[in-house]
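Each residue of the sequence shown is one higher than the one before, starting from 69 at the first, in this note's numbering.
No lab work stands behind these hints, which were simulated from the structure alone. Warning: the hint list may mix true and false statements.
[To be verified] Label pairs and their calculated CB-CB ranges: (1) 145 <-> 123: 18 to 28 Å; (2) 205 <-> 282: 31 to 41 Å; (3) 208 <-> 137: 21 to 31 Å.
[To be verified] Subject to a maximum C-alpha distance of 25 Å in a straight line, what follows is the list of computed DSS-like cross-link-like pairs (lysine-lysine): (4) 422 <-> 347; (5) 177 <-> 246; (6) 313 <-> 134; (7) 163 <-> 379; (8) 187 <-> 379; (9) 163 <-> 134; (10) 379 <-> 336; (11) 336 <-> 246; (12) 336 <-> 317; (13) 400 <-> 317; (14) 313 <-> 400; (15) 347 <-> 143; (16) 134 <-> 317; (17) 255 <-> 204; (18) 422 <-> 411; (19) 119 <-> 336; (20) 119 <-> 134; (21) 204 <-> 422.
Glycine included, each C-beta is placed from N, C-alpha and C at the ideal position.
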Amino acid sequence: MALILIRKLSMSKAQTFSTLCLFGLWLTLSMSLPQLQRTSFFSSSSTSSIKSMDDRIQLLRSKCRKYSDPFRPEKAVLFEHGSLGVEVVHFPTPKVPMSVCIPHKTGSKSWGIFSRQMKAEHEVESFIKYSSLSWKDKSALAYKIVVVRHPLERLVSVYRMIFEDWCNPEGIPYQRWKICSNEIFNKGFRSKLLSAATSSSNSSSSLSFLNYMYDSYRYTNDLYMFRIWEEIHPHSEIVSREQLKFTFKEFIHFLIEGSEDPFISGHKGVSYHWAPIWKECSLCSPLTTPDFVLHLETLSQDLRLLERIGKAPRSSFTTSFPHAHDQNGSQKLVAKYYSMITKDNVRGLVEKYKLDHELFG
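Build out the structure end to end from the sequences listed, making use of the hints.
Written out as structure tokens, the structure is:
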């Protein structure tokens, strides 16, 4: 009912009632999976922040116990511990070092900036020694934190960065990966790139083949986006940068349905941005289980709590951290974009990110 109401709202009304829309969306998610915890990613109280944090940790550990059963398929993915995570930063603190696992699209840029600041200010001998240790030794010594974000909000961030306008010259992909060069818009050139990227022939001694192998690596992210676009628009041909855009509904459909194209399904250069958090951070191994679960939606409160319990890298942690997340603006965007999709789409997202919701509420 809440989602139907959202779809009937005009865009301006959806923005005006953004909080109601967001509540309705997540209510729909929770109603679809009654066995899941009904705690909210957005709930936090300054007067009971320690209890709130304890609740987060206890929820995570209870789910880890649930999935420690060797007959559960989740056991393999949750208890693997080849590292602390895909992207981890370490900080010196007055007591013990801190490690922070930062899944993509949970504020990794801000944490990277702060990490560089801290290392420049505090190259203490003990931390230099710590930095040279193996990840297992670091994990045994560190106070471990994982940063999480509401799945709905995280996907909006992914869409705006990557799928809304892939060739946007002001966008992060364009500036970071040097994408959308003129060559990639030649269909014959793309076909040769794809052939080189997927070929298992013995023609690797050919200079032209090697050149295309190099180019397929160079243009791999462009090729990935082209293949998705062509799959969504099978009767159209893309010839300009202005076409390489996706609606939010197309993006969500792609996430839910996936692709039978082996190049798309096997490509890892972009898809990590929307990978579930349990794939980005090691959560249930006794060696890597987090001591603190930080929600991006309550970042300021959680940073203050780190200061209160004496785990922060510095006393002015909250004020010196480079905040880049506007919660009020984010809620409006979430309401705007999710008013564009169907109830079945929402159910598909529930299923895709079900384990994240179980682990983090």
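Checklist entry - residue 187 and residue 379: Cα distance at most 25 Å? => result Measuring from Cα to Cα gives roughly 17 Å; hence the hint holds.
Item to check | Given pair status - residue 317, residue 134, alpha carbons within 25 Å | outcome: violated (34 Å)
Checklist entry - Between residue 255 and residue 204, does the CA-CA distance stay at or below 25 Å? => result Given pair residue 255, residue 204 is violated - Cα atoms ~47 Å apart, limit 25 Å.
Checklist entry - Given the hinted pair residue 422 and residue 347, is their alpha-carbon gap at most 25 Å? => result Holds - the C-alpha atoms of residue 347 and residue 422 are around 13 Å apart, at most 25 Å.
Checklist entry - Within 25 Å, alpha carbon to alpha carbon, are residue 313 and residue 400? => result Given pair residue 313, residue 400 holds - Cα atoms ~22 Å apart, limit 25 Å.
Next on the checklist: Against the range 21 to 31 Å, how does the distance between the Cβ atoms of residue 208 and residue 137 compare: consistent or not?
Outcome noted: For residue 137 against residue 208, whose Cβ atoms are near 26 Å apart, the range 21 to 31 Å holds.
Checklist entry - Between residue 347 and residue 143, is the straight-line Cα distance small enough, at 25 Å or below? => result holds (13 Å)
Checklist entry - Given the proposed pairing of residue 204 with residue 422, does the C-alpha separation stay at or below 25 Å? => result violated (29 Å)
Checklist entry - Is the straight-line distance between the alpha-carbon of residue 400 and that of residue 317 25 Å or less? => result With Cα atoms ~17 Å apart, residue 400 and residue 317 stay inside 25 Å; holds.
Next on the checklist: Given the hinted pair residue 336 and residue 317, is their Cα-Cα distance within 25 Å?
Outcome noted: holds (22 Å)
Next on the checklist: A range of 18 to 28 Å was offered for this pair. Does it hold for the Cβ distance of residue 145 and residue 123?
Outcome noted: Roughly 24 Å apart at Cβ, these two residues keep to the hinted range, so it holds.
Checklist entry - When you check the alpha-carbon spacing of residue 379 and residue 336, does it fall within 25 Å? => result Not satisfied, since the Cα-Cα distance of roughly 35 Å exceeds 25 Å.
Violated hints, listed in ascending order, are 6, 9, 10, 16, 17, 19, 21; each of the other numbered hints is respected by the structure.
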